[in-house]
Amino acid sequence: MNFDYSEEQKMLVQSLERTLAKSYDFETYRGQLAEKASHDPALWASLAELGIMAMPLPEAAGGFDGDHTDIALISTELGRRLVPEPYVSNVVVAAYILNAVGGDSAADDLAAIGVGEKRFAAAFYEPGERHNPLAMNTKAEKSGDGWTLNGHKAVVLGADTAGAFIVSADAGGATLFLVPADADGVTVRTYQLLDGRGAADIIFDNVTLDASALLGEAGSAEDIILAAVDRGAAALVADSLGAIEEVIEMTKDYLRTRTQFGRPIGSFQVLAHRMVDLLIDYEQAKSMSMEASVEATNDDSAARKKAISAAKAKVGAVSRKFGKDSIQMHGGIGMTDEYALGAYVKRLLVNETLFGDTDYHLERFGAL
Amino acid sequence: MELSLTEAQASFRDDVVTFLSESLPEDIKETQKSGGHLTKDQHQRWHKILGDKGWSTPLWPKEHGGTGWSPVEYAIWDEECYRMGAPRVLPFSVSMLGPVLINFGNDEQRERFLPGIRSGEDWWAQGFSEPGAGSDLASLKTMAVRDGDHYIVNGQKTWTTLGQHGDWIFCLVRTDASAAKPQTGISFILIDMRSPGVEVRPIITLDGSHEVNEVWFTDVKVPAENLVGQENMGWTYAKFLLQNERIGIAGIGQSKEQLVSLKRLAAAEKKNGKPLVEDGSFRSKLSEVEIELRALDLTNKRMLVETERGMDPGPVSSMLKIRGSEVAQRLYELKMEASGLYALPFQPEAGDPGWNDELAGTLAQARSAPHYLNTRKISIFGGSNEIQRGIISKMMLGF
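For the record, the sequence lines run as chains L and W. The opening residue of the first sequence carries number 0 in numbering that gives the first Met the number 0; numbering runs sequentially from there. The opening residue of the second sequence carries number 0 in numbering that gives the first Met the number 0; numbering runs sequentially from there.
There's no promise every hint is true.
Examples of chain L residues lying across from chain W (beta carbon under 10 Å, computed) [as the list claims (entries may be wrong)]: (1) Phe2; (2) Asn149; (3) His151; (4) Ala153; (5) Asp183; (6) Gly184; (7) Val187; (8) Tyr190; (9) Arg257; (10) Met274; (11) Ile279; (12) Met289; (13) Ser300; (14) Lys304; (15) Glu362.
Below, a list of computed lysine-lysine pairs in the BS3-like style, where the Cα atoms sit at most 27 Å apart [to be verified]: (16) W:Lys39 - W:Lys28; (17) W:Lys28 - L:Lys304; (18) W:Lys376 - W:Lys255; (19) W:Lys284 - W:Lys140; (20) W:Lys376 - L:Lys304; (21) L:Lys345 - L:Lys21; (22) L:Lys21 - L:Lys9; (23) L:Lys320 - W:Lys255; (24) L:Lys304 - W:Lys255; (25) L:Lys305 - W:Lys39; (26) L:Lys305 - W:Lys28; (27) L:Lys323 - W:Lys140; (28) W:Lys140 - W:Lys238; (29) L:Lys320 - W:Lys284; (30) L:Lys35 - L:Lys345.
Think of the hints as simulated: they come from the structure by calculation, not from any bench. Computed from a prediction, not measured in an experiment: that's the story for all the values here. Beta carbons: idealized from backbone N, C-alpha and C, even for Gly.
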C-alpha cells in the first residue's frame, strides 16, 4: 500500500507549475474573463508542448500511456491556477471515447488531441433530464446510408471551442455520433460558465450525418458514456482539490494577518475551529480524490462507480462548505470580484455540478 | 500509487483471521458482536489468550513482549478483531501504562508490573481526571505528600473507566503545591486499589450502565518505590502517554463493524412496506456516513504509511480523532433512528449475562438508544474534540 506519485509524475507537475507561473496568473485570468475568452491558443500550445495532452493517450496515438493519476495531478494544477482551457472535455472525456470506439479516423483524431490541434466536446446531458448522462431525447434516425439527428444538448463543457461534438442519441439504444460543429442544422449557443470555462447548448435540427459519423456500434454506447463521465468526474474532483488548496492558503493567510479588536481574527476560537473543520474535510477530500484517480480506470465497473460516486459526492459537499465558509471568514473582501477567492468559489461550484452533482452521486452510491 | 494491501500484508491478515477463528471463545464473540457489556471474566480470559500467544502488547518494543508489527499491520489486526467479534484489550494497562514504564520506569517496576499487564492478570485503571480537572488536566488537586518511605495520598479521581474491577490505578498527583506552573508539580504514581483508604463509587451514566466511577483517596499510604520516573516530572510522562494512542485513534475497525450492523438493522426494518434501507431519505443519510468512513479509512491509511516511514503525522492524528468520533457517533445515531419506536423501551442490561426479562423489540433495537447515549462520550474523552481542534489550530494557524 502506498500513496506516492512517481518521480516522472513529480517532474511533470513541476514543469506544469513553472509554465503556469510564467504565463498564467490571476490577472491573466481576469483579463481573459473580461474578453469573454475561455481559450488562449498560445497557452493551449504551450500546454501541449509540455506533453500534458499526450500524457494519458495510448502510445499508438503518440501518447505516453499514462493513467488517471497523471490526469489527477494535471487537473489539480489547472484548478489551482483557475485555467479555463478545455482540458477535461478533450484530453479526458473525448480522448477516452475516441480510443474506446477505435477505428482509423478516431485514431487520427486522438493523435490530433495529443498535440493540441483539434478540439472536441462530448454532449450527453439534456434540458429537463438533470444529471442523467443517458438522457435519450435526442434521436438519430436511419436515412439512406447515414443518419438524421434531432435534439438538444445542455451545458456541454468545452463546446464553445470544439470543432466537432461527440453526441449521444437514441438510435435503437444509446449511440454516439461525431458531428462537425459547422454542419448544417447545428446551432451552438455558446457561453461562459460561472468561473470562465466555456460551454454551450447545442441544438440539432434535422442534421444529416454520413454513415462514418457513427462511433462504435449503434445502440451499444451506454457503458462508454458512463465510463467517460466517470473519468471526467474524477478529473474534476482533482481539479477541485487544487482550488481547495488555494482557498486554504488564502483563508489561513487572512486569518493570520487580518486584525480586528486589536488581534488577528484567527485567534478567535470560533474562526480557528471553523478553519480546523475545513482542514479535516480537505484531508478527507484528498483521500477520496486519490482513490477516484486509481479507480477511474478500473475494469470492474461496479467498483469504479462506487469509488467515483463516493469521491464526487464527498468532494462536492466539501467544496460547497469551503465556498460558503471561506467567504464568511474573509468577510466583505470575500465578496469582491477583484479578490481571487470568489473565482475559486465559482470554480468549485462548476466542478461540483458537472458530471453528476452531489445528490446524483450520493444516490448512485446508495443504489450500488 | 497502490491502494490495496501488499502480498505480505494480505498474508498477515490471513494469519490474524486464522488465529481469531481458532482462539476466540464463542461466548465472548457473542457478547461483543451483539454490543453487550463484557464481564470482567470475559475481558480477562481473552486478554490471557492473547498474552499466551504473545499478541497482547503488539506495539511494545520486542524485548518487552512486542510483536514487531508495523503500524499498518497493527491496523489490520485492529480491524479484523472488530470484524470477527474479538474485544479489543482495554488500553489502560497495555497502551497507556506499559509504554510509560518501559520508557520512564525502573527495572524493578518493569519486572514487577509488565508480566501482569501482558497476561491481563492485573486490572489497571487510569486516575487522571478529577471533578475540577477535565480538559484542564494540569489543574488537578489530588495530593501526595512524602512521609518517610511512603507517600500519603488524599483526593478524588473521576470518570475512572471500569475502576470497579481495578487492582491497581496509575495516577497523576500533585507533589509540589508551590510549583511555579501547575504542570511542574505533578508526579506519576502507582496505587494498589486494595490499600486502606481507597474507595470506588459507581457513576451510572445516562444510558443506564455502570462503566465509570469515582475513586476517593483518604490518607492512602503508597510506598515511595511506586513513583514512576522522577518526582514532579509526571506531566511529561502523561503527555507521552496521551500521544501513544494514535494508531487506533480513528476507530476505523469499530465503525466498519457498526456500518455492517446498521445496514443489517435497516434491512430488517420496514418503511411503507419496504426495507428501510431502500427508503430514499434514509439511504442518503446512510450513504453520507458510509462515504465519510470510506474517506476516513484512506486518510488513516495515509497516516499509517507515513508513520511507518518514520514521519511525524503532526495534526493528522488529532484530525482522525475528531472525524473518527463524529463518524462513530453518527453510525450509532442512525442505528437508533433505524430502530424506530423500539428504540424507546429502556432495557439497558438487555441480553447481558444474567438478564432474564422479556425483551421488547429485538436486542439490536433495545441496545440502540443506550449505545447512542453512551457514545456521546467519545468526543469528550482522551482530549475532547474542542481540545483537539485547539491542538490543530495551534499547529496550522499558530493560534
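Taking the hints in turn, this is what the structure says about them:
| no. | hint | result |
| --- | --- | --- |
| 1 | Phe2 | holds, 5 Å |
| 2 | Asn149 | violated, 34 Å |
| 3 | His151 | violated, 29 Å |
| 4 | Ala153 | violated, 25 Å |
| 5 | Asp183 | violated, 45 Å |
| 6 | Gly184 | violated, 41 Å |
| 7 | Val187 | violated, 37 Å |
| 8 | Tyr190 | violated, 32 Å |
| 9 | Arg257 | violated, 12 Å |
| 10 | Met274 | holds, 6 Å |
| 11 | Ile279 | holds, 5 Å |
| 12 | Met289 | holds, 7 Å |
| 13 | Ser300 | violated, 18 Å |
| 14 | Lys304 | violated, 13 Å |
| 15 | Glu362 | holds, 7 Å |
| 16 | W:Lys39 - W:Lys28 | holds, 15 Å |
| 17 | W:Lys28 - L:Lys304 | violated, 35 Å |
| 18 | W:Lys376 - W:Lys255 | holds, 19 Å |
| 19 | W:Lys284 - W:Lys140 | violated, 45 Å |
| 20 | W:Lys376 - L:Lys304 | violated, 36 Å |
| 21 | L:Lys345 - L:Lys21 | holds, 24 Å |
| 22 | L:Lys21 - L:Lys9 | holds, 18 Å |
| 23 | L:Lys320 - W:Lys255 | holds, 26 Å |
| 24 | L:Lys304 - W:Lys255 | holds, 20 Å |
| 25 | L:Lys305 - W:Lys39 | violated, 42 Å |
| 26 | L:Lys305 - W:Lys28 | violated, 31 Å |
| 27 | L:Lys323 - W:Lys140 | violated, 45 Å |
| 28 | W:Lys140 - W:Lys238 | holds, 18 Å |
| 29 | L:Lys320 - W:Lys284 | holds, 18 Å |
| 30 | L:Lys35 - L:Lys345 | holds, 16 Å |
Going down the numbered hints, you'll see the structure goes against 2, 3, 4, 5, 6, 7, 8, 9, 13, 14, 17, 19, 20, 25, 26 and 27, while the others check out.
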